[in-house]
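What follows is the residue order along each chain.
There are 6 protein chains.
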Amino acid sequence: MNHLIEKANVLVEALPYIQRFFGETIVIKYGGAAMIDERLKNMVMLDIVLLKYIGLNPVIVHGGGPEITRMLKKVGKETQFVNGLRITDDETMEIAEMILSGKVNKDIVALINKSGGRAVGLSGKDANLITATKHMATIKKSDGNGGVIEEPVDIGFVGDVESINPEIINVLNKEGYIPVISSVGASKDGKGYNINADLAAGEIARALNAKKLIMLTDVEGIFERFGDETTLISTLNLEEAQILLNSGKLEGGMLPKLQACITAVKAGISRAHIIDGRKPHSILLEIFTHEGIGTMVVA
Amino acid sequence: MNHLIEKANVLVEALPYIQRFFGETIVIKYGGAAMIDERLKNMVMLDIVLLKYIGLNPVIVHGGGPEITRMLKKVGKETQFVNGLRITDDETMEIAEMILSGKVNKDIVALINKSGGRAVGLSGKDANLITATKHMATIKKSDGNGGVIEEPVDIGFVGDVESINPEIINVLNKEGYIPVISSVGASKDGKGYNINADLAAGEIARALNAKKLIMLTDVEGIFERFGDETTLISTLNLEEAQILLNSGKLEGGMLPKLQACITAVKAGISRAHIIDGRKPHSILLEIFTHEGIGTMVVA
Amino acid sequence: MNHLIEKANVLVEALPYIQRFFGETIVIKYGGAAMIDERLKNMVMLDIVLLKYIGLNPVIVHGGGPEITRMLKKVGKETQFVNGLRITDDETMEIAEMILSGKVNKDIVALINKSGGRAVGLSGKDANLITATKHMATIKKSDGNGGVIEEPVDIGFVGDVESINPEIINVLNKEGYIPVISSVGASKDGKGYNINADLAAGEIARALNAKKLIMLTDVEGIFERFGDETTLISTLNLEEAQILLNSGKLEGGMLPKLQACITAVKAGISRAHIIDGRKPHSILLEIFTHEGIGTMVVA
Amino acid sequence: MNHLIEKANVLVEALPYIQRFFGETIVIKYGGAAMIDERLKNMVMLDIVLLKYIGLNPVIVHGGGPEITRMLKKVGKETQFVNGLRITDDETMEIAEMILSGKVNKDIVALINKSGGRAVGLSGKDANLITATKHMATIKKSDGNGGVIEEPVDIGFVGDVESINPEIINVLNKEGYIPVISSVGASKDGKGYNINADLAAGEIARALNAKKLIMLTDVEGIFERFGDETTLISTLNLEEAQILLNSGKLEGGMLPKLQACITAVKAGISRAHIIDGRKPHSILLEIFTHEGIGTMVVA
Amino acid sequence: MNHLIEKANVLVEALPYIQRFFGETIVIKYGGAAMIDERLKNMVMLDIVLLKYIGLNPVIVHGGGPEITRMLKKVGKETQFVNGLRITDDETMEIAEMILSGKVNKDIVALINKSGGRAVGLSGKDANLITATKHMATIKKSDGNGGVIEEPVDIGFVGDVESINPEIINVLNKEGYIPVISSVGASKDGKGYNINADLAAGEIARALNAKKLIMLTDVEGIFERFGDETTLISTLNLEEAQILLNSGKLEGGMLPKLQACITAVKAGISRAHIIDGRKPHSILLEIFTHEGIGTMVVA
Amino acid sequence: MNHLIEKANVLVEALPYIQRFFGETIVIKYGGAAMIDERLKNMVMLDIVLLKYIGLNPVIVHGGGPEITRMLKKVGKETQFVNGLRITDDETMEIAEMILSGKVNKDIVALINKSGGRAVGLSGKDANLITATKHMATIKKSDGNGGVIEEPVDIGFVGDVESINPEIINVLNKEGYIPVISSVGASKDGKGYNINADLAAGEIARALNAKKLIMLTDVEGIFERFGDETTLISTLNLEEAQILLNSGKLEGGMLPKLQACITAVKAGISRAHIIDGRKPHSILLEIFTHEGIGTMVVA
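Residue numbers (the numbering used here), protein chains in the order written: chain A, -4 to 294; chain B, -4 to 294; chain C, -4 to 294; chain D, -4 to 294; chain E, -4 to 294; chain F, -4 to 294.
Do not take every clue at face value.
Since the list can't tell identical chains apart, any single copy or any two copies may satisfy a pair.
[Claimed, not checked] Computed cross-link-like contacts, DSSO-like style, restricted to lysine-lysine with a CA-CA straight-line distance of at most 27 Å:
id, residue 1, residue 2
1, K69, K244
2, K129, K109
3, K109, K183
4, K109, K186
5, K186, K68
6, K136, K69
Please keep in mind that the hints were generated in silico from the structure rather than gathered at the bench.
Turn these sequences into a full structure, and let the hints guide you.
Below, the structure is given as structure tokens:
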């Protein structure tokens, strides 16, 4: 019995957090280990369904790089990267979109529904959710005189977010559904573009005027000294975050995550978090405990 | 960190119960130690606010016998009881109503509001919530020939529930308030009647088509053999409950509680519970654990 | 028949007033003789129910000083006053709240309902309607040198209105109920405070952006020369009212009434009235006749 | 002052009637002296606006025979009658419709609006409100052998109500307008038909499931012995009304009035009244006094 | 089959126009040949019903000068004109109103309903739609010294629009009805005034914030040189339109039409059109073709 | 100009059909040439957007067999068929789902949006739209004695529709979106199943209580004698359709189409059509012309 009372205590301890976030929108960038490990996946889904039932509006944004790579291999297609961005020709884009909107997205939807939620999968094409423009990439080159010049390079169907139309998300939230969004955008003439999911999540949080943006990743947060786990940074204000972003000290995958946090916080979202998706129930830990986890960006 | 994860697990374990009771009405008869002990009182309030936030509609019904007795003493008024019912003359009724609707009710309201809920106190007079008729009491008397006769006895303003008008409760539930109801009814000409709070709770559960009725009391439940704590009865179906009610084996205070459970279950409420309000968070334990606690009456 | 036609004429004469106040909120401070005399009480209730049916939203605010005094006597509690304010210790406050929220309030509710309305009684604790802070009283003392100093004095649980949350009143109005409010407020930690009902009515009128504030009292209005009934003042503008308030010429009970009128009119309520509750149907007379009755404060 | 209190008393006496008819629809057939005498006209309009403001939904139906006759004379058109029905050729119908929908209807609308109401005039053509079919008239003729035969006779554009589409009336009621309906119907191909306004009122009351049907006429009601004013019949049940209708004892204009009452009461309208429109405020007298006036038909 | 495919193509070609005007209000001044020729009349009605079904809100405004003249003749009433305005005494106004609101209006209503729409006829009296003031006419006179003076002349019940209350139109539009409005206004005391229908249409378009104003007339549009059909003006901006209006070059009937267009465009309506109602389906041609027809006034 | 008038005539001719189908749901099974030929694709999209704008609720259901086959080839996966059904192992299902929900679905969505509509793509997994169960296939085998036995055969993730939850479709229709549904269902534990799109369309039409079901295919309809185009069957009643279905005379692809039509019509959909998607605007031709095209199944 004491064990049960202990459990009830935990529920009651969550009350202030439930009150604080009641009716608020939380954008969750879902990715990394939490999207691969079966046990972690199930836990994330339960966390999301729980959030919905206790009155929050979770909105899920996801990419799917590793799955895209796997499928490209399967069809014998080689990929090249420029500045960490995949050169995306027509055939690559077709595969990428199928994986993102037809496999990863629907897997998440099915898992949430199995966990008792009511998810609806969307790509940025649906209801004109994400309008994209071609990403203008450049590479640095020697100018032959010891100097360096930036030269434009066409990397195909890699897109930037031009605008977000949050209408369909608001409809789904109001009707009790959980939106799950793949990071594919459409240009005005309907062509699909692959968009970095971290950046898409930041823009969606901005358009929804979300209360929080949570980026699930595979490290504990941002470290003062990369690799040294004793130097986890708990909080960054906007200025510090911007300096860090420009410092060149961050490893590649962290750049768009921090960029997305900055975008969101600049737009008025009060807190953006980079947290460790390898921890069980990391989303709940972030929302329902005083200390929070990972690295938080604030205004 | 593991400790926190453990806590998150508890939240997730509650999910199936949250889903089951989402949007449902739970009538809670509040009384006994949980209404006196400061620590228990606070816990009950937190439990109720939590229920509201996670999507249930708790409705609180209360009496206040000990407080009435205390105030009657203070004004030097002696009370007599017939069949366990207080003989309630005009002056007694005035004191009883003031205590129930003006003190106990408002204390509960203030505590819930302090705990972050939004409570509205009602008596049965408000919005014609409880229409009462005079309770027709009888006493057994010797007929002088060794037989026994029942003789009517006027015990004053003690009432039976004639009808419940749940309209105002539905309005308050819909608008996010927690209704707190004192067990005072009004006759059609506006006169106040003191009603047994257990029975009032049963009738209110019936009128609201509640999902559950929970009676807080000061014992663990109903015992096979009164006083022998190893004989707690977990479940009674309607037939068993009725036999037990008529058996004469139950002590006085348990009679209206069991009667209220039977009333509610007969009317279609699927489960009615008599639970131990002395246990911390007993309401949550009943709703959010598989085993439940106390004695449950089912159809 | 002519008699009947005469009656129909009266109804039709009311039409311009019905049109003017259609859908508007009228705050009525109920007190004095109209709250004691049985016949007057019934008339006030009929007036209020009529107002509701013809499309106005009457909101009733009441105190209950005489009843509190009576009950304090009954329990043998002596009361002292400072500046006309009752020194209110814990025990006094308990009695006051019981009388206000548990007796006077519920009596009014029952009477309105009996008259065909649908009233809901509230105290300032319900739905956080009235947030109170401790009233800081002072007494004047000789400084020993022929001068006078003001010295703070603790008079217990006497409160000032800190804020009004009119949400629950709006809900009840919209759903067709008549709110009846006892002048008890709660501090942020849930402790009850006794508030002057006149002042509470003024603040509630302000928060509701009412069309009118009507103060029922036991004189015909404010007199130029107190006691000389030929000197009734029909209209005071804000400046005149303020001068009169500060003049020291008003007897004690009139001070908070005039203060409440000033508060309301300053906040944009177009007209506030001090009228004679001893007159039958004085509320209707004020609203439905060209001349009005009593003293009116305007901007 | 006593005079004013007397007036307030009258308002309060109306309360039970206001309660009884709150939200109900009352169909009023407007005609006779009350449509000609300027003073009576204004009184009827005030009565109607008052009904609307105190929560009833008055619906006005009118004809305009005398005005039609006047205009026909003006254009030098002779009229013939068969069984009291005007033979209505194309030209006559054009004049009749103009008078009914363009003059009488708009005059009533303007008067109501001037009195503070918000009226909208409709003919049966608007929103397909009244679908009409040609009235099949017959005349009795000698068969040459001392017998009598019925022979069909074409009286032109005189119509019977085939169906009522109350949709637009419900829209206008809900939005706070007072519908004023001229007794012109349209056949399915859009041709206008002149319909007896009494019968149209009965059918509209039926279609609206009205609470009351009130026929304004120029006599006090139906008399046991026509001409003997001491023989006014207060109440007729359906059976009695039908016998009287068939008795041949009623003068011509009363026939469709009584027929309309029977139609309405048969369809479930609880009370239909034939009242004296020459009395000031006769509509209010009927609705707001215990005795009522005129002749009432009940089930 | 190819013929059918051709037809389907036409439907699809209309799509961009349907999208552009979806949910928008179009005010149509109906008059001239299109109101007299049976075949044209039917076509206009079909056009209007089609507009309603595909999501636009057509609002019809009409006059009826020729019909008024015809009826005046019939009753032997002579008419005189001042500055092209009919001197309108009481009797003339009675006839005019009957014709406009009782004949022309109801004919249009019946035709629309027969064509499958749901029309409701209104005059400016209904729901206080058009408030009118007396038109102040002047005539020019010799001052006896070779000069010219303007002298006021009373032309009776000819009115100017003082204000439009579009409430009832919005109600009808929302509920799926097509409003048909006769150009009769009411002064504040309920007296009817005859208003130029072109000007009324312009004011109604302004009050409704319409997307388009379309004036049906009996010429192809406005010509550079009156009578020379090769000089049709396609587009006029506000400045050009104003110059033309003041130039004295326009024939009488075109003046109020152009004035109405200017009024509407000045008030923010983006386009106002004067088109040839003698052409079949001229309304559809204007709305659903790229070139449009007639003369268009733009900002 | 005459050419334009001709066009307007076509629009007006569509009016009766627009009226008939206003507000109704039309389920369109999209497939065959109309899903491959670029020009036809664009035409179908325009047809669908037009239907939405003129007040119908088109719901699109699609498969994607040829695309699945192409992708399977690309990854070097061989496919086998049993009774025309693809044996669908885990890997095949992954490819099938990606193609259906990630490529074909999103291509349609993007095309509709580009054409001015607002489409939202769904698979049967979203919002639990299609619950599937494993299809129990059998093959016929010789029993070795000259007889034939049916033997169950596992063909993997090929599913039958167990139930349709139309909630999300109703939400999207109400909010002005066009739902586009891929024929993938989910079992209760979230596993994806490939479902014949024809059959899925029939079940969805049934669940939505659609007005019409339209199956786009690559022949003109059903022929009395397959291959003989002069023997097109215009109409089949349910009995005739069932006989034909069982006759063995239909070629394989037509079987589920006719089955879907029978399912829909049996469930109360009044008309189901098999039409030639190779014809431009075939959907409009079917809906907006008197003769219709293809083969129609009726009750």
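To see whether the hints hold, each was checked on the structure:
1. In the homo-oligomer, the alpha carbons of K69 and K244 never lie at most 27 Å apart, since the shortest distance is 35 Å inside one protomer and 42 Å across protomers.
2. Only between protomers do K129 and K109 lie at most 27 Å apart by alpha-carbon distance; the minimum there is 17 Å, versus 37 Å within a single protomer.
3. For a Cα distance limit of 27 Å, the shortest separation of K109 from K183 across copies, 7 Å, qualifies, whereas the shortest one inside one copy, 35 Å, does not.
4. In this assembly of identical chains, K109 and K186 lie within 27 Å of each other by CA distance solely across copies; the values are 10 Å between and 33 Å within a copy.
5. In this assembly of identical chains, K186 and K68 lie within 27 Å of each other by CA distance both inside one copy and across copies; the values are 24 Å within and 25 Å between.
6. When the C-alpha separation of K136 and K69 is checked against a cutoff of 27 Å, the pair qualifies neither within a copy, at 33 Å, nor between copies, at 37 Å.
Checked against the numbered hints above, the structure violates hints 1, 6; every other hint is satisfied.
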